[in-house]
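Protein sequence lines, in the order shown, are assigned to chains L and E. Everything in the first sequence is counted per the working numbering, starting at 30 for the first residue and increasing by one. Everything in the second sequence is counted per the working numbering, starting at 306 for the first residue and increasing by one.
Keep in mind that the hints were calculated from the coordinates and are not lab data. The beta carbon of each residue, even a glycine, is placed where N, CA and C say it ideally should be. Treat the hints loosely; a few may be bogus.
Said to hold, decoys possible - Covered, in the sense of this in silico footprint (three residues per stretch, anywhere, with C-beta under 8 Å from a C-beta of chain E), are these stretches of chain L: (1) 81 to 89; (2) 282 to 289.
Said to hold, decoys possible - Pairwise CB distance ranges, derived in the manner of DEER restraints: (3) Thr332/E with Ala248/L: 44 to 50 Å; (4) Gly304/L with Thr308/E: 47 to 53 Å; (5) Gly359/E with Asp173/L: 26 to 32 Å; (6) Lys280/L with Leu307/E: 26 to 32 Å; (7) Trp311/E with Thr163/L: 45 to 51 Å; (8) Asp399/E with Phe207/L: 16 to 22 Å; (9) Val363/E with Asn157/L: 16 to 22 Å; (10) Asn157/L with Leu329/E: 43 to 49 Å.
Claimed, not checked - Here are a few chain L residues that sit away from chain E, every Cβ distance over 12 Å (derived from the structure): (11) Trp51; (12) Leu147; (13) Leu152; (14) Asp191; (15) Leu218; (16) Tyr240; (17) Leu295; (18) Val296; (19) Leu314; (20) Pro343.
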Amino acid sequence: MNIISLYLVDILLVISLLSLAWASLTTADARRSVILFMAFGLVLALVWARLLAPDVALAEAAIGAGLSGALLLAAIGEQPGSSINVNTDHSEDVQDSNRSVVVTWTITGLCAALAIILAWTLLQTFDNVNNKATAQAVSENLTDSGVSNPVTAVLLNFRAYDTLLELAVLLSAVLGIFSLGGIRSPYQLAGPVFDGLARWLVPVLMLTAGYLLWVGAHAPGGAFQAGATLAAAAVVLRLAGHHNIGLPQGKSLHIIMTIGVGLFLLVGLSMLALGRSFLDYPPALAGTLILVIETAAMISIAATLVLAFLGGRPQMQKHKPC
Amino acid sequence: MLTAQWLYGISACLILALGLRATLLHTSLLRRIIAINIMGTGVFMMLVIIAYRGPDAVPDPVPHALVLTGIVVAVSATALALALLRRLNTEKADD
Numbered sequence: 030m031n032i033i034s035l036y037l038v039d040i041l042l043v044i045s046l047l048s049l050a051w052a053s054l055t056t057a058d059a060r061r062s063v064i065l066f067m068a069f070g071l072v073l074a075l076v077w078a079r080l081l082a083p084d085v086a087l088a089e090a091a092i093g094a095g096l097s098g099a100l101l102l103a104a105i106g107e108q109p110g111s112s113i114n115v116n117t118d119h120s121e122d123v124q125d126s127n128r129s130v131v132v133t134w135t136i137t138g139l140c141a142a143l144a145i146i147l148a149w150t151l152l153q154t155f156d157n158v159n160n161k162a163t164a165q166a167v168s169e170n171l172t173d174s175g176v177s178n179p180v181t182a183v184l185l186n187f188r189a190y191d192t193l194l195e196l197a198v199l200l201s202a203v204l205g206i207f208s209l210g211g212i213r214s215p216y217q218l219a220g221p222v223f224d225g226l227a228r229w230l231v232p233v234l235m236l237t238a239g240y241l242l243w244v245g246a247h248a249p250g251g252a253f254q255a256g257a258t259l260a261a262a263a264v265v266l267r268l269a270g271h272h273n274i275g276l277p278q279g280k281s282l283h284i285i286m287t288i289g290v291g292l293f294l295l296v297g298l299s300m301l302a303l304g305r306s307f308l309d310y311p312p313a314l315a316g317t318l319i320l321v322i323e324t325a326a327m328i329s330i331a332a333t334l335v336l337a338f339l340g341g342r343p344q345m346q347k348h349k350p351c
Numbered sequence: 306m307l308t309a310q311w312l313y314g315i316s317a318c319l320i321l322a323l324g325l326r327a328t329l330l331h332t333s334l335l336r337r338i339i340a341i342n343i344m345g346t347g348v349f350m351m352l353v354i355i356a357y358r359g360p361d362a363v364p365d366p367v368p369h370a371l372v373l374t375g376i377v378v379a380v381s382a383t384a385l386a387l388a389l390l391r392r393l394n395t396e397k398a399d400d
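Can you build the whole structure from these sequences, using the hints too?
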């Protein structure tokens, strides 16, 4: 691509990103704010692709734009008075109401100052030569990592601690959600058009999830993107009126929720038994171990996101014996 | 310095500041959750632009991995915040 068209793309992306952020933050209507936030997420996915971060772009498109939006929209449907009152005179939704002009402008001024200081600091770091060290370390050790996609290598091998703890964060978020409330009331059964679409869409999404998981070893993709896609399939099923969207109850559900962090920990600890350090895989086995961990992580990530969308522990269906 | 670096770098700072301002000024908790998400996006953008080395160079994968982890943690934190909000609304309705 020639340099002028690249500049044009950059400028268009930045303008649409900033105006969507501004619109989402300042509109008076909460529902509109969520929809603008989803549009913001989609433009953001394009920005990540433009900045040569395709792994992040895939995750952003699936999670940032898709699932966050679904969660927020489900939450808006439950806001008190949401069905009647979507117009601007709802006092809770109006920014700056009952707030003095002085406070508003002080906060705005301080935020502007923060932006200037941050921008100045950030622009200084670009000329720093030392920030190439990590990239070099990754490319030198990539052959020992078991995968050829450097991002997957960092996530599952070089910085596997991060991912292990992230799965623990997901698990604790689900436990928090379980303790806060029950499952949301189900949607009504979909009409023939949406039902037909869901019948096509769900298998395609599941297949895509499997593909993303497998391809993550050598190309953009991996457990996060696959898990989010799988969760999207479940959200479609839920919206089409299915109650528990195939999630099991009781012990099996607990296994699905914990298998990601559990298996990861097990692999890490068995490395200790083999006389290596924690999460330090032998290069010959690394590829297989990473695929096993990623499969388990995908299942747990998908389960977490779906349970967050359901809003609580799935219940027994009425017509089945307990 | 590349043009893309300052263009996206400054946008990242602006998005963060806009998000922070809205987080502080909104009274609706749901709007605050959205604002915090937008603010986090500014941070992710800073990391990705630090990793960027130009249109023909291979970017640094470490910040990309951090951002990926960050996106998943952000969505789980959002889910927990929304569950708290939901509980808060039911408690208010019961009073």
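Results for each hint:
1. 81 to 89: holds (count 6)
2. 282 to 289: As far as the segment 282 to 289 of chain L goes, the hint is violated, because 0 residues have Cβ atoms under 8 Å from chain E.
3. Thr332/E with Ala248/L: 44 to 50 Å: Given a distance of about 46 Å, which is inside 44 to 50 Å, the answer is holds.
4. Gly304/L with Thr308/E: 47 to 53 Å: Between Gly304/L and Thr308/E, where Cβ atoms are some 51 Å apart, the hint holds.
5. Gly359/E with Asp173/L: 26 to 32 Å: holds (28 Å)
6. Lys280/L with Leu307/E: 26 to 32 Å: For Lys280/L and Leu307/E the Cβ distance comes to about 54 Å; the hint is violated.
7. Trp311/E with Thr163/L: 45 to 51 Å: violated (22 Å)
8. Asp399/E with Phe207/L: 16 to 22 Å: Holds - the Cβ-Cβ distance for Asp399/E and Phe207/L, about 20 Å, lies within 16 to 22 Å.
9. Val363/E with Asn157/L: 16 to 22 Å: Given a distance of about 18 Å, which is inside 16 to 22 Å, the answer is holds.
10. Asn157/L with Leu329/E: 43 to 49 Å: Hint violated: Cβ distance 32 Å, outside 43 to 49 Å.
11. Trp51: violated (6 Å)
12. Leu147: violated (4 Å)
13. Leu152: violated (6 Å)
14. Asp191: violated (5 Å)
15. Leu218: holds (24 Å)
16. Tyr240: Answer for Tyr240/L: holds, closest chain E Cβ roughly 18 Å.
17. Leu295: Holds, since 21 Å exceeds 12 Å.
18. Val296: holds (18 Å)
19. Leu314: Correct as stated: the minimum Cβ-Cβ distance to chain E is 21 Å, above 12 Å.
20. Pro343: Its Cβ never comes within 12 Å of chain E, the nearest being 15 Å, so this holds.
Comparing the model with each earlier hint shows violations of hints 2, 6, 7, 10, 11, 12, 13, 14; every other hint is respected.
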